Amino acid sequence: MAKDLMFQDEIKDSVKEAYGSISAGAGQAVASKLYSEQELAELPPGAVDWALGVGNPVRFAFLEAGEVVLDIGSGAGIDTILAARRVGPEGRAIGLDIVPEMSERARAHATQAGVAERTEFIEGEMERIPLPDASVDVAISNGVLNLSARKSRALAEILRVLRPGGRISLADLTVEGELPPEIANDQSAWAG
Amino acid sequence: MAGALAERVFAEKLGRAGFVDVWVGGHRPTSIDEASLYPLFTDDVIRLMRRTIPKERHDHVATAVIVKARKPEAR
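Protein chains in written order, with our numbering: chain V, 1 to 192; chain G, 1001 to 1075.
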């Protein structure tokens, strides 16, 4: 019987545990659907192997040189690295993730990609972003907001850290109609 | 996926949070087969999805979208 996951902290802990326990991402099969050949060529193979997103938020963000980008739920770093390339040496890309193992992988991948000096990976929750007010030009995320049991709180936090006029480009899943209750309450269906 | 919102609800939440110029695009149907490529979906939940979701929805159980919006300029 599916465990009842109606409590917000329980959902958060389940998602964190699920992402912390996997030993690989969805890999090239998924990455090739989301990123162009040119974009994939800009990434270390290890980062591509850890693809877990659902879209390509960097492509739609129209980043400019010098901008500060926050990648919420940065995982192993694919979108943070692409963002770091777009904002150039004067810009900065900050990856935020709740799973320490993911941040470690992302740091290694950023180093392999040659963008370590313009990236930073921090641990924290999207519902409590450890950054000052109005410190970010653009916030991106990829398949992450649906993981939050406190979406309004997460959106309020994103708004807080954006500078006035700042923008978001979020790739995420939407579902029309209700999922069967067996799935809605299943731990791995929340994490996936 | 279990926490995904309907597109209209997503856009409304952004507006209520204070974002403006909300835009939703880049729609891409997501199938159960595609979900099965992600290690976060266990074999059990993939089987559960195939069993409990009507067959005609198996090729489109969710939609991947891009959502863009902007924080208003300071007055």
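Derived from the structure by calculation, the hints contain no laboratory data.
Computed from a predicted model, the values in this text were never measured in an experiment.
Just so it is clear, CB atoms sit at the ideal spot from N, CA and C, and this is done for glycine as well.
Treat the hints with caution; some may be incorrect.
What the hints assert, rightly or not - The list that follows gives simulated cross-link-like pairs (lysine-lysine, BS3-like), each with its CA atoms no further than 27 Å apart:
1. Lys12(V) / Lys1068(G)
2. Lys1013(G) / Lys1055(G)
3. Lys1068(G) / Lys33(V)
4. Lys1013(G) / Lys12(V)
5. Lys33(V) / Lys16(V)
6. Lys16(V) / Lys1068(G)
7. Lys1013(G) / Lys16(V)
8. Lys33(V) / Lys1055(G)
Claimed, not checked - Covered stretches of chain V (in silico footprint by chain G; criterion: 3 or more residues with CB under 8 Å from a CB of chain G, positions within the stretch not fixed):
9. 11 to 19
10. 52 to 58
11. 108 to 121
12. 157 to 164
| request: Find the hints from earlier in the document that the structure breaks and name them by number, from lowest to highest. | output: Going through the list in order, the structure violates hints 2, 11 and respects the others.
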